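Asker: Residues per chain are reported as follows:
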Amino acid sequence: MEFLKLVDILGTVAFSISGVIAAMDKRLDMFGIFIIAFVTAMGGGTLRDILIGDTPVGWMHDPVYGVIVFISVVIGIVATSVIKRLQKTLLLFDSLGLGFFTILGLEKGLALGLDPAICIALGTITGCFGGVTRDIALNTIPLIFQKEIYATACIFGGVLYFLLLKTGLPVVPMNLICIAAIVIIRLVAVRYNWSLPNIYGKPKT
Amino acid sequence: MEFLKLVDILGTVAFSISGVIAAMDKRLDMFGIFIIAFVTAMGGGTLRDILIGDTPVGWMHDPVYGVIVFISVVIGIVATSVIKRLQKTLLLFDSLGLGFFTILGLEKGLALGLDPAICIALGTITGCFGGVTRDIALNTIPLIFQKEIYATACIFGGVLYFLLLKTGLPVVPMNLICIAAIVIIRLVAVRYNWSLPNIYGKPKT
Amino acid sequence: MEFLKLVDILGTVAFSISGVIAAMDKRLDMFGIFIIAFVTAMGGGTLRDILIGDTPVGWMHDPVYGVIVFISVVIGIVATSVIKRLQKTLLLFDSLGLGFFTILGLEKGLALGLDPAICIALGTITGCFGGVTRDIALNTIPLIFQKEIYATACIFGGVLYFLLLKTGLPVVPMNLICIAAIVIIRLVAVRYNWSLPNIYGKPKT
Chain A
1 MEFLKLVDIL GTVAFSISGV IAAMDKRLDM FGIFIIAFVT AMGGGTLRDI
51 LIGDTPVGWM HDPVYGVIVF ISVVIGIVAT SVIKRLQKTL LLFDSLGLGF
101 FTILGLEKGL ALGLDPAICI ALGTITGCFG GVTRDIALNT IPLIFQKEIY
151 ATACIFGGVL YFLLLKTGLP VVPMNLICIA AIVIIRLVAV RYNWSLPNIY
201 GKPKT
Chain B
1 MEFLKLVDIL GTVAFSISGV IAAMDKRLDM FGIFIIAFVT AMGGGTLRDI
51 LIGDTPVGWM HDPVYGVIVF ISVVIGIVAT SVIKRLQKTL LLFDSLGLGF
101 FTILGLEKGL ALGLDPAICI ALGTITGCFG GVTRDIALNT IPLIFQKEIY
151 ATACIFGGVL YFLLLKTGLP VVPMNLICIA AIVIIRLVAV RYNWSLPNIY
201 GKPKT
Chain C
1 MEFLKLVDIL GTVAFSISGV IAAMDKRLDM FGIFIIAFVT AMGGGTLRDI
51 LIGDTPVGWM HDPVYGVIVF ISVVIGIVAT SVIKRLQKTL LLFDSLGLGF
101 FTILGLEKGL ALGLDPAICI ALGTITGCFG GVTRDIALNT IPLIFQKEIY
151 ATACIFGGVL YFLLLKTGLP VVPMNLICIA AIVIIRLVAV RYNWSLPNIY
201 GKPKT
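Chains as they are written, first to last, in my numbering: chain A, 1 to 205; chain B, 1 to 205; chain C, 1 to 205.
For the record, the hints were derived by calculation from the structure and aren't laboratory data.
These numbers were taken from a predicted model, which means no experiment stands behind them.
Incorrect hints may appear among the rest.
Taking lysine-lysine and the DSS-like style, the derived pairs with C-alpha atoms no more than 25 Å apart in a straight line are [said to hold, decoys possible]:
id	chain 1	residue 1	chain 2	residue 2
1	A	88	A	147
2	B	26	B	108
3	B	5	B	147
4	A	26	C	5
5	A	84	A	166
6	A	147	A	108
7	C	108	C	26
8	A	26	C	88
9	C	26	B	26
10	B	26	A	26
11	C	147	B	147
12	C	147	C	84
13	A	147	B	88
14	C	147	C	88
Covered stretches of chain B (in silico footprint by chain A; criterion: 3 or more residues with CB under 8 Å from a CB of chain A, positions within the stretch not fixed) [unchecked claim]:
id	segment
15	17–28
16	52–58
17	161–169
Ideal Cβ positions, reconstructed from N, Cα and C, are used throughout, including at glycine.
Could you put together the complete structure from these sequences and hints?
Answerer: Right under this line is the structure:
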């Protein structure tokens with residue numbers, strides 16, 4: 001479980017930094033950058049907890065998450081150029097976070113006895129909604145609705161989870177396999193620039 | 001009650017398809033279209049449940065809503081041109097949904113012993129907030145804040161409900177009368193292009 | 001406590017009117033203006049209650065808040081030019097509201113036994129999130145993320161609260177001191193056009 005704790009932290013850092021970069025692109029002040037970073041990292045889990053009524057929501061029980069976001073913001077502001085050179089590392093952390101947050105959300109739904117499809121939706125919300133909130137707060141149409149397969153990776157990982165659940169595999173290896181599947185789909189998708197099939201006749205001009 | 005179940009489904013289809021059309025206008029990918037359709041159809045009830053603390057929120061108890069939205073999205077994407085020719089039918093379904101969702105929300109408030117004004121607000125939120133979320137997620141100012149009388153129909157229907165409540169009418173006919181009132185106001189408003197009185201000196205240019 | 005009740009009302013009026021002005025700038029209709037005013041005045045407390053699970057949320061227990069917003073909207077629409085001449089008075093009311101709502105939110109967190117940092121965050125959310133929702137619904141990047149020190153005043157007031165808590169001061173004078181601190185920081189910041197330090201090399205052009 002130590003490993004999963006580390007993945008949680010690395011994911012939070014990567015999500016926060018994606019918020020910092022987006023907020024600095026819009027030239028927000030330091031407070032705005034912190035809020036956008038916080039929302040990017042915590043928004044998915046917060047919406048999940050609100051939807052299932054698990055309140056006070058997660059980050060309220062442990063100020064350490066706010067501290068991780070704060071440190072990420074400071075690093076992001078002070079070392080912007082370093083951050084930009086570490087894009088590949090950040091993508092890996094971001095993908096690890098995506099996988100971890102998705103499975104965490106899915107298992108919260110499972111513990112409530114919700115339908116598998118709803119559990120997968122909860123996992124996907126946990127993994128993806130932070131970025132959606134970031135984009136809405138920054139007054140842009142969420143990237144994920146336009147050309148990412150971010151959410152598709154979560155859904156695949158979630159379906160795999162329920163397939164593996166029938167095999168009776170213990171929970172820790174099952175978690176690791178599903179997180180790995182999400183990470184791999186995400187990385188391959190970025191590498192080969194995968195997106196969902198185009199349903200529009202001609203390209204947007 | 002079979003009739004009300006049908007109205008629920010028709011309303012969900014109509015709300016979903018209004019989401020599909022708005023999302024395709026912004027050229028979102030398939031995932032984005034589904035999410036916008038889902039949010040349009042489920043957003044009002046979801047906000048209502050969150051505000052009153054009835055969690056896990058409604059759609060989490062029954063995956064059938066997700067299935068209805070999904071089928072609506074497939075129809076909307078595959079048969080876009082057919083959909084556009086069915087505008088009058090969709091407007092009728094949309095109005096039925098508006099009426100049904102409003103009364104459903106109002107009665108949830110009533111069951112909690114909330115003040116009539118708050119119950120009417122809850123009903124209006126249930127009927128209207130899905131479209132508001134759709135517009136915010138698509139980066140436009142909600143249509144309903146600008147020139148629709150959508151919400152006004154809900155408020156009239158809600159006031160009528162509390163007037164009829166004093167007559168001791170049984171609940172099913174009362175529901176049907178209030179839903180019908182909302183549908184009629186909505187349809188007449190669209191037909192005659194009604195809007196709230198203009199409070200600005202000169203027209204927006 | 002009579003005084004705090006008055007501050008609550010004045011703050012609600014000032015927040016509502018800031019919503020009316022922003023909504024009229026975007027030429028919304030009367031319904032849109034009311035919703036934006038309501039969201040500006042009630043959005044912070046609503047998000048706070050949702051995050052901590054204190055539902056039905058605050059304004060649902062007492063229709064008087066809706067009435068105060070409604071009256072503010074009528075005044076704002078009918079007497080727009082008067083309102084614009086009263087900017088200094090409104091700024092004072094707005095600052096009083098900011099202080100009061102912040103301390104109210106902080107104390108709600110304290111009653112739940114949350115960590116001081118989380119309580120300060122809750123207070124800041126209560127004071128500031130209404131304006132954030134207003135700006136997002138009106139399709140602009142929240143002002144507070146760009147050049148205000150609005151939130152900074154709340155955070156200072158919250159820190160002061162926890163410092164005073166150790167002195168054993170009774171709750172009413174402690175509340176008044178913290179609210180006064182927030183009001184003064186806010187007014188001085190507006191007067192001298194304070195903002196957070198610029199972290200970008202050259203000004204935005």
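Asker: Look at each hint and say if it fits the structure.
Answerer: A quick look at each hint next to the structure:
no.	hint	result
1	88(A) to 147(A)	holds (19 Å)
2	26(B) to 108(B)	violated (35 Å)
3	5(B) to 147(B)	violated (31 Å)
4	26(A) to 5(C)	violated (39 Å)
5	84(A) to 166(A)	violated (43 Å)
6	147(A) to 108(A)	violated (28 Å)
7	108(C) to 26(C)	violated (35 Å)
8	26(A) to 88(C)	violated (30 Å)
9	26(C) to 26(B)	holds (22 Å)
10	26(B) to 26(A)	holds (22 Å)
11	147(C) to 147(B)	violated (32 Å)
12	147(C) to 84(C)	holds (22 Å)
13	147(A) to 88(B)	violated (33 Å)
14	147(C) to 88(C)	holds (19 Å)
15	17–28	holds (count 5)
16	52–58	holds (count 4)
17	161–169	violated (count 0)
Violation of the numbered hints given earlier is confined to hints 2, 3, 4, 5, 6, 7, 8, 11, 13, 17; the remaining hints are satisfied by the structure.
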